[in-house]
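Chemist: The residues making up each chain are set out below.
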Amino acid sequence: MTQDGVVPAQPGPARRPTGESAQRDAVTLHPADLSVALRSAVSRVGAAGPPPGGLAKVRRKARIRQRRRAVVAGSAGVLMILLGVTVATGGRFSIVPALTGVVGLGNGSTGGQQSDGRPQDPSAAGDSSQSVWIDPSVSASAPRTGPAIGPGTPPTVAPSSPPGVAQVPLCSAATLNISTTLGTSAGDIRYGEIDVVPQTTCVVTDPPVLEVTNVAGTAAASVQIMPANLSAAPGLPAVSAAGPTSVLQANQPYEFQFAWVAPACPEPTGSPSATASAPVAPAATAYSLQYAVPGTTPVPGVTLMASCDAQVYVTNFYPHGAYPTPTPAPQPPPPPPATPTPTGSPSAGPPTVPVEPTATISPAATVAPTESASAPQSNGKATTVPVVSSKAG
Amino acid sequence: MATDVDVTADLLTETYQTHYTSLLRLAALLLDDLSSCEDVVQESFIRVHAARSRVREPEKLLAYLRQTVVNLSRSTLRRRIIGLRLLPKPMPDAASAEEGAYDMLERDALVRALRGLQRRQREVLVLRYYSDMTEAQVAAALGLSIGSVKAYGSRGIDALRVRMEEEQ
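These protein sequence lines map, in sequence, to chains A and B.
Numbering of the first sequence is given in the working numbering, commencing with residue 1 and proceeding in unit increments.
Numbering of the second sequence is given in the working numbering, commencing with residue 394 and proceeding in unit increments.
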């Protein structure tokens, strides 16, 4: 022990490093002797030296860690290359199908996108939900059906655009003021138009994506959506499209038209005993049609009726007023009315396809057409809220 | 012909056998249980071994290991700070060869007082007076200025003295 009572400078077996001596020493702690005191305190720790096999364990774990790091670095490199390719191709190459293909999710086509950035033809997926992307290069006689991105999901990815519009964001329900209006009827055809006023300059797919739903979830099978066809829907204007997308300028009104073609159901061939009474036809079903844009804001829609299959023809976007709205075609003489039935009993008489007056429709989620009472559903209830069923565009 | 990596590996082997104990003791002064100390030291060697190709100055290998031990000890304490406050300290599952040494360490008034210091003060004192590092080396290891190292050291010794007196 030193003169002032701190621990001796030479630690060794003769000195007791713990207990009273350490306490006594530490009270008079001097910086110069703290080193000795600390070494004395831990002198018995690790006295046996390194554990046997410790170095081998260190080497083995280091090797494993190096290998893992190499794998991570390689994966990051591949990811960076794919991202680089995506950037270099201007968004025409999507990394998602490549990755899902690598990890075995999907077959590289379902949910994927074409080289132009739009979803591939997903007709292989059998689902009641349906989104249809119309390719202008495809003739109108070849409708394309199937989920494009996901069930009930409007397109959320901006399709490829010309270089000039690459920086314009995709329009969403929050940035568009949308109003849907039903127009005139001409036979089995019901025309309508959808007006949009973007709050900010944004880009939309052209032709626009429509969504058709019904309660029974059969819209995917019974409704086809196609580009405007003047022979099938002569009232629609021939609007030319500059490309797969259109840039909508802020606060400028735009619109597009659609035609709902719901022909009468074909006569059943095996019923020769048609009597004087009205033929028994399937009940008309209410469909909700709306413009499908990304976003959570409800988009106004309209309710349309069809007894059997229906087709929707849609034009491209054009500035408001550039084309006239369809004028009513000469109506054929109305068929003789069937046996009158009380309108309050949906199951009593033959269903009639109602002809709605021209009307501006409230949002589709709350549309319950008054004609629904005479257009009974399978459960006998009027249509209230369209559940997930079909999308088209 | 031996490559740099081989040389570093040999140096690591030598460093492991020579300095394992001192590094374990360094960790024992910074942490509060011996199993964590062993883990920290082993992890330090693993990290240095895995990154041995990047070791450019072999003479600084020990300094690098010391700094890694300090950083890992700090991380260990941070991770366990809530557990240490809320849960009783679990007893080791099996008797260790170091158990007796650890018990003695726990009873040592100096070590108990050291653990009551602020983390920075404890790290400065241990590196400065146990590892015999200069103030500049301590400052570099802890990422502090030399003035801060001096201040932490001075206040740390004062606080250590007060705690020792309280324990008496």
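Just so you know, the hints here were simulated from the structure itself, not pulled from any lab data.
Hints may contain errors.
Pairs of lysine-lysine residues, derived as DSBU-like cross-links and limited to a Cα-Cα distance of at most 30 Å, are as follows [as the list claims (entries may be wrong)]:
{"#": "1", "chain 1": "B", "residue 1": "Lys453", "chain 2": "A", "residue 2": "Lys61"}
{"#": "2", "chain 1": "A", "residue 1": "Lys57", "chain 2": "B", "residue 2": "Lys543"}
{"#": "3", "chain 1": "B", "residue 1": "Lys453", "chain 2": "B", "residue 2": "Lys543"}
If we take Cβ atoms under 7 Å as the criterion, some of the chain B residues that face chain A in the derived model are [unchecked claim]:
{"#": "4", "residue": "Tyr409"}
{"#": "5", "residue": "Phe438"}
{"#": "6", "residue": "Tyr457"}
{"#": "7", "residue": "Arg513"}
Even glycine gets a Cβ: it sits at the ideal position worked out from N, Cα and C.
Chemist: Quickly compare the C-alpha distance for lysine 57 of chain A and lysine 543 of chain B to 30 Å and report which way the hint goes.
Modeler: violated (39 Å)
Chemist: Is the hinted pair lysine 453 of chain B and lysine 543 of chain B satisfied, with a Cα-Cα distance of at most 30 Å?
Modeler: Between lysine 453 of chain B and lysine 543 of chain B the Cα gap is close to 23 Å, so the pair holds against 30 Å.
Chemist: Would the hint on phenylalanine 438 of chain B stand, with a C-beta cut-off of 7 Å toward chain A?
Modeler: holds (5 Å)
Chemist: Quick one, is the arginine 513 of chain B hint okay against chain A at 7 Å, beta carbons?
Modeler: violated (16 Å)
Chemist: Given tyrosine 409 of chain B as an interface hint, is its Cβ closer than 7 Å to any Cβ of chain A?
Modeler: holds (5 Å)
Chemist: Once the shortest beta carbon distance from tyrosine 457 of chain B to chain A is found, is it less than 7 Å?
Modeler: violated (15 Å)
Chemist: Does the alpha-carbon distance linking lysine 453 of chain B and lysine 61 of chain A stay inside the 30 Å limit?
Modeler: holds (23 Å)
The structure does not agree with the numbered hints 2, 6 and 7 stated previously, though it agrees with the rest.
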